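Number of protein chains: 2
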Amino acid sequence: MTEKPEAKQTLEPTSRRRFLSGAVGGAAAAAGLAAARPAVAEGESVITEVQDWNRYLGDGVVSRPYGTPSQYEANVVRRDVEWLTASRQSSVSFTPLHELDGIITPNGLCFERHHGGTAEIEPSQHRLMVHGLVDTPLVFTMPDLMRFPRENHVYFLECAANSGMEWRGAQLNGCQYTHGMVHCVAYTGVRLKDLLAEAGIKTNAKWLLAEGADAAAMTRSIPLEKALDDCLVAFKMNGEALRPEQGYPLRLVVPGWEGNMWIKWLRRIEVGDQPWQQREETSKYTDLLANGKARRFTWVMDVKSVITSPSPQAPIRHGRGRAVITGLAWSGNGRIKRVDVSLDGGRNWTTARIDGPSLSKAMHRFYLDIDWDGSELLLQSRAIDEAGFVQPTKNELRAARGENSIYHNNGIQTWYVKADGTVENVEVS
Amino acid sequence: MTEKPEAKQTLEPTSRRRFLSGAVGGAAAAAGLAAARPAVAEGESVITEVQDWNRYLGDGVVSRPYGTPSQYEANVVRRDVEWLTASRQSSVSFTPLHELDGIITPNGLCFERHHGGTAEIEPSQHRLMVHGLVDTPLVFTMPDLMRFPRENHVYFLECAANSGMEWRGAQLNGCQYTHGMVHCVAYTGVRLKDLLAEAGIKTNAKWLLAEGADAAAMTRSIPLEKALDDCLVAFKMNGEALRPEQGYPLRLVVPGWEGNMWIKWLRRIEVGDQPWQQREETSKYTDLLANGKARRFTWVMDVKSVITSPSPQAPIRHGRGRAVITGLAWSGNGRIKRVDVSLDGGRNWTTARIDGPSLSKAMHRFYLDIDWDGSELLLQSRAIDEAGFVQPTKNELRAARGENSIYHNNGIQTWYVKADGTVENVEVS
Numbered sequence: 282m283t284e285k286p287e288a289k290q291t292l293e294p295t296s297r298r299r300f301l302s303g304a305v306g307g308a309a310a311a312a313g314l315a316a317a318r319p320a321v322a323e324g325e326s327v328i329t330e331v332q333d334w335n336r337y338l339g340d341g342v343v344s345r346p347y348g349t350p351s352q353y354e355a356n357v358v359r360r361d362v363e364w365l366t367a368s369r370q371s372s373v374s375f376t377p378l379h380e381l382d383g384i385i386t387p388n389g390l391c392f393e394r395h396h397g398g399t400a401e402i403e404p405s406q407h408r409l410m411v412h413g414l415v416d417t418p419l420v421f422t423m424p425d426l427m428r429f430p431r432e433n434h435v436y437f438l439e440c441a442a443n444s445g446m447e448w449r450g451a452q453l454n455g456c457q458y459t460h461g462m463v464h465c466v467a468y469t470g471v472r473l474k475d476l477l478a479e480a481g482i483k484t485n486a487k488w489l490l491a492e493g494a495d496a497a498a499m500t501r502s503i504p505l506e507k508a509l510d511d512c513l514v515a516f517k518m519n520g521e522a523l524r525p526e527q528g529y530p531l532r533l534v535v536p537g538w539e540g541n542m543w544i545k546w547l548r549r550i551e552v553g554d555q556p557w558q559q560r561e562e563t564s565k566y567t568d569l570l571a572n573g574k575a576r577r578f579t580w581v582m583d584v585k586s587v588i589t590s591p592s593p594q595a596p597i598r599h600g601r602g603r604a605v606i607t608g609l610a611w612s613g614n615g616r617i618k619r620v621d622v623s624l625d626g627g628r629n630w631t632t633a634r635i636d637g638p639s640l641s642k643a644m645h646r647f648y649l650d651i652d653w654d655g656s657e658l659l660l661q662s663r664a665i666d667e668a669g670f671v672q673p674t675k676n677e678l679r680a681a682r683g684e685n686s687i688y689h690n691n692g693i694q695t696w697y698v699k700a701d702g703t704v705e706n707v708e709v710s
Numbered sequence: 282m283t284e285k286p287e288a289k290q291t292l293e294p295t296s297r298r299r300f301l302s303g304a305v306g307g308a309a310a311a312a313g314l315a316a317a318r319p320a321v322a323e324g325e326s327v328i329t330e331v332q333d334w335n336r337y338l339g340d341g342v343v344s345r346p347y348g349t350p351s352q353y354e355a356n357v358v359r360r361d362v363e364w365l366t367a368s369r370q371s372s373v374s375f376t377p378l379h380e381l382d383g384i385i386t387p388n389g390l391c392f393e394r395h396h397g398g399t400a401e402i403e404p405s406q407h408r409l410m411v412h413g414l415v416d417t418p419l420v421f422t423m424p425d426l427m428r429f430p431r432e433n434h435v436y437f438l439e440c441a442a443n444s445g446m447e448w449r450g451a452q453l454n455g456c457q458y459t460h461g462m463v464h465c466v467a468y469t470g471v472r473l474k475d476l477l478a479e480a481g482i483k484t485n486a487k488w489l490l491a492e493g494a495d496a497a498a499m500t501r502s503i504p505l506e507k508a509l510d511d512c513l514v515a516f517k518m519n520g521e522a523l524r525p526e527q528g529y530p531l532r533l534v535v536p537g538w539e540g541n542m543w544i545k546w547l548r549r550i551e552v553g554d555q556p557w558q559q560r561e562e563t564s565k566y567t568d569l570l571a572n573g574k575a576r577r578f579t580w581v582m583d584v585k586s587v588i589t590s591p592s593p594q595a596p597i598r599h600g601r602g603r604a605v606i607t608g609l610a611w612s613g614n615g616r617i618k619r620v621d622v623s624l625d626g627g628r629n630w631t632t633a634r635i636d637g638p639s640l641s642k643a644m645h646r647f648y649l650d651i652d653w654d655g656s657e658l659l660l661q662s663r664a665i666d667e668a669g670f671v672q673p674t675k676n677e678l679r680a681a682r683g684e685n686s687i688y689h690n691n692g693i694q695t696w697y698v699k700a701d702g703t704v705e706n707v708e709v710s
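Chains A and B supply the protein sequences, listed in that same order.
Residues 282 to 710 in our numbering are what the first sequence spells out, letter by letter.
Residues 282 to 710 in our numbering are what the second sequence spells out, letter by letter.
None of these hints come from the bench; they were simulated from the model.
All values derive from a computational prediction rather than experimental measurement.
It is possible that part of the hints are untrue.
It does not matter which identical chain is used: a pair holds within one copy or between any two.
Unchecked claim - Below, computed lysine to aspartate or glutamate pairings styled on DMTMM-like, alpha-carbon distance capped at 20 Å:
1) Lys507 to Glu561
2) Lys474 to Asp636
3) Lys487 to Glu403
4) Lys487 to Asp361
5) Lys474 to Glu447
6) Lys699 to Asp652
7) Lys565 to Glu684
8) Lys507 to Asp340
The whole structure should be built from the sequences, with the hints applied where relevant.
Given below as structure tokens:
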């Protein structure tokens with residue numbers, strides 16, 4: 282860490298002169314003429330040699346009543362993989378994790394997974410029904426729901442199929458594609474248990490069925506115990522209304538569990554005494570093992586992490602010296618206790634720095650600040666959660682579950698950083 | 282809290298029959314024919330009586346690579362007050378606080394305050410210079426800055442003029458206008474003290490000048506002590522790049538202090554031994570007292586709160602019974618310790634529930650769940666911070682500072698809730 286960043290312009294005479302002389306002129310004017318005129322005018326005339334935006338008035342307020350990113354960020358978008366699914370209505374897009382920092386995913390960049398496209402719901406017409414093994418079946422309007430006590434929580438949401446294509450080896454060249462079916466959002470909603478209490482649950486109740494109002498009418502069975510523990514019926518994400526593709530106006534929040542259970546466009550909750558054996562918990566979202574048997578109801582998303590930069594879509598462009606390695610870690614079991622980073626494919630590990638709030642069942646942001654000597658790296662991260670679970674290698678996962686699986690791949694990811702700073706998705710044995 | 286929400290549709294036969302019979306049919310089919318067919322088909326046919334969105338495939342993934350809110354949220358936008366300023370380039374827009382929940386302000390809704398419009402900066406051309414009383418003047422590119430260790434923090438940012446028009450009585454009918462020059466965002470950036478250390482600060486250094494690259498070249502003097510304490514040079518907000526109107530690609534973060542000091546489009550930091558006496562800290566952003574003297578360098582934003590709903594733009598529409606009172610509290614001194622709510626103009630107070638993370642110099646969300654009997658209310662909130670400061674009444678402020686002030690009005694706000702649920706901005710004496 283003793284070497285100064287190479288790209289810094291102390292040794293670049295043209296650039297140095299251009300900026301430094303100009304601004305120093307401005308500063309001198311400020312010191313001498315503070316009362317008469319601000320430094321701005323002097324400084325400005327020199328800075329404009331290179332900075333056009335300093336010469337003209339920019340856009341005024343409410344040019345965009347709802348703001349949008351800079352035109353220079355046009356490549357920071359969700360992307361899909363066109364060959365992956367037959368249609369875009371039953372498909373997935375991926376969060377550009379390699380472009381983000383911190384733990385919050387902006388609403389416009391949260392990955393999408395639809396089974397029948399995005400329902401475009403008019404909230405005044407939306408209803409949530411609670412029925413089945415209850416004393417009083419109820420139908421709630423949106424304003425009804427907003428009268429219950431509200432809670433706020435930051436939670437990650439991960440599709441069970443995230444990293445699914447990595448079971449059989451390194452497939453996709455970028456963490457947006459290998460790990461981008463995850464996001465982390467601050468939710469506002471009401472407790473599902475309060476709505477159930479309002480209806481009155483019968484003593485033989487053990488399961489819920491949650492159903493969406495989309496064309497696929499997505500349905501999943503959820504054990505009552507989870508519903509009474511920490512499930513929310515949410516109407517806001519990151520402060521504002523849910524986005525249409527995230528279930529506007531109402532989504533079930535099932536902290537730490539498979540994203541597919543977080544029913545979007547939530548319209549119905551039925552209380553029963555056994556699971557419903559829906560398509561999405563029998564034919565799909567089960568894990569076929571090597572012996573032909575399938576794991577079912579594998580709800581919890583296991584401890585996992587990935588380095589988001591450098592990564593194939595975020596190569597090292599600055600050459601040797603000071604560099605920041607950063608990534609995300611999360612676990613359906615609670616908080617992340619520790620993240621280790623390896624530069625040599627798992628032979629040696631260094632504990633990374635977790636920065637920002639450490640919240641249960643939320644993303645954790647980690648950093649390792651290194652002095653890169655320009656040699657090749659095999660970057661890996663390994664997360665450990667507060668329940669003591671350690672993120673396994675992909676080979677450990679395969680040994681336990683075979684290679685038929687699509688879901689629940691939380692194996693350690695390897696990025697191969699070459700001497701020129703470019704990065705590839707590889708596997709180490 | 283014993284009364285059930287009135288708008289709930291248990292007593293509304295048409296709606297009840299429409300939804301309940303349909304979905305129960307679906308559920309019965311599911312229980313009987315689970316293996317053969319999902320419940321969806323049966324339930325769907327009845328629900329379509331009222332829900333068109335269930336009949337058609339919706340938009341597919343990446344219909345919007347960068348997502349946008351629902352068409353039904355088109356009224357959730359920043360707004361300005363056209364008569365307030367001569368132009369929109371030197372003006373302000375307001376955060377729609379009454380529509381939001383939780384503590385995070387979505388990037389698209391963060392209020393704007395420009396003095397020369399929004400600079401539209403190409404990040405590859407942007408530079409940050411550090412010079413003055415330093416050993417080595419430096420010019421940083423954006424990639425240079427991203428090689429320093431990063432930190433993440435959630436901070437509120439409040440314009441010193443927020444609520445400024447309320448000094449002389451109730452002026453504007455809505456918390457978007459009375460209190461909307463505030464937002465709360467998760468920032469990612471590097472420590473200003475690390476950049477200063479890289480340049481090497483001379484022993485006689487006491488002050489910094491921070492300058493923006495906009496047409497106004499906004500400039501403020503900042504004491505070195507604050508810079509070395511908790512200032513950040515930030516490049517991301519809520520996970521993604523700063524928005525243009527929030528300083529893209531680089532903004533100074535000055536936690537807890539006047540928003541005007543959080544220099545946007547940050548291009549220059551000069552180190553000196555005394556303040557520069559810029560326009561924005563002499564003619565503006567000072568507080569003229571009744572005796573003709575002015576308070577200067579009043580940086581810290583004092584403890585403050587406001588009820589965001591109900592409020593003039595968010596009336597009670599649901600009639601009597603269960604109701605949620607909610608609002609925001611913040612303090613430049615650190616965490617909020619307690620928020621009290623009064624229903625009767627400050628005669629009696631009840632401690633509200635603070636929900637969500639309690640972070641230093643960040644927004645705090647509070648709730649009071651009440652059973653409204655339909656009588657008129659004089660709603661107030663009063664925040665107390667961890668330093669022990671108590672939010673004053675407007676009259677207490679006036680007694681201390683006279684009525685010449687524009688800035689630093691943290692007085693208690695009063696909303697008059699009428700029997701029909703509409704709300705007005707009033708003052709109580």
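Structure-based check of all given hints:
1. In this assembly of identical chains, Lys507 and Glu561 lie within 20 Å of each other by CA distance solely inside one copy; the values are 18 Å within and 55 Å between copies.
2. With identical chains, the CA atoms of Lys474 and Asp636 are at most 20 Å apart between copies only, with a shortest distance of 18 Å across copies and 33 Å within one.
3. Proximity of Lys487 and Glu403 under a CA criterion of 20 Å is satisfied in neither setting, with 32 Å inside one chain copy and 57 Å between copies.
4. In this homomeric assembly, Lys487 and Asp361 never come within 20 Å of each other (Cα to Cα): the closest approach is 38 Å inside a single copy and 52 Å across copies.
5. Neither within a single protomer nor between protomers do Lys474 and Glu447 lie at most 20 Å apart by alpha-carbon distance, with minima of 37 Å and 42 Å respectively.
6. Taking CA atoms no more than 20 Å apart as the test, Lys699 paired with Asp652 passes inside one copy only; the shortest distance there is 15 Å, against 65 Å between copies.
7. For a Cα distance limit of 20 Å, the shortest separation of Lys565 from Glu684 inside one copy, 16 Å, qualifies, whereas the shortest one across copies, 68 Å, does not.
8. When the C-alpha separation of Lys507 and Asp340 is checked against a cutoff of 20 Å, the pair qualifies neither within a copy, at 50 Å, nor between copies, at 32 Å.
In summary, the numbered hints that this structure violates are 3, 4, 5, 8.
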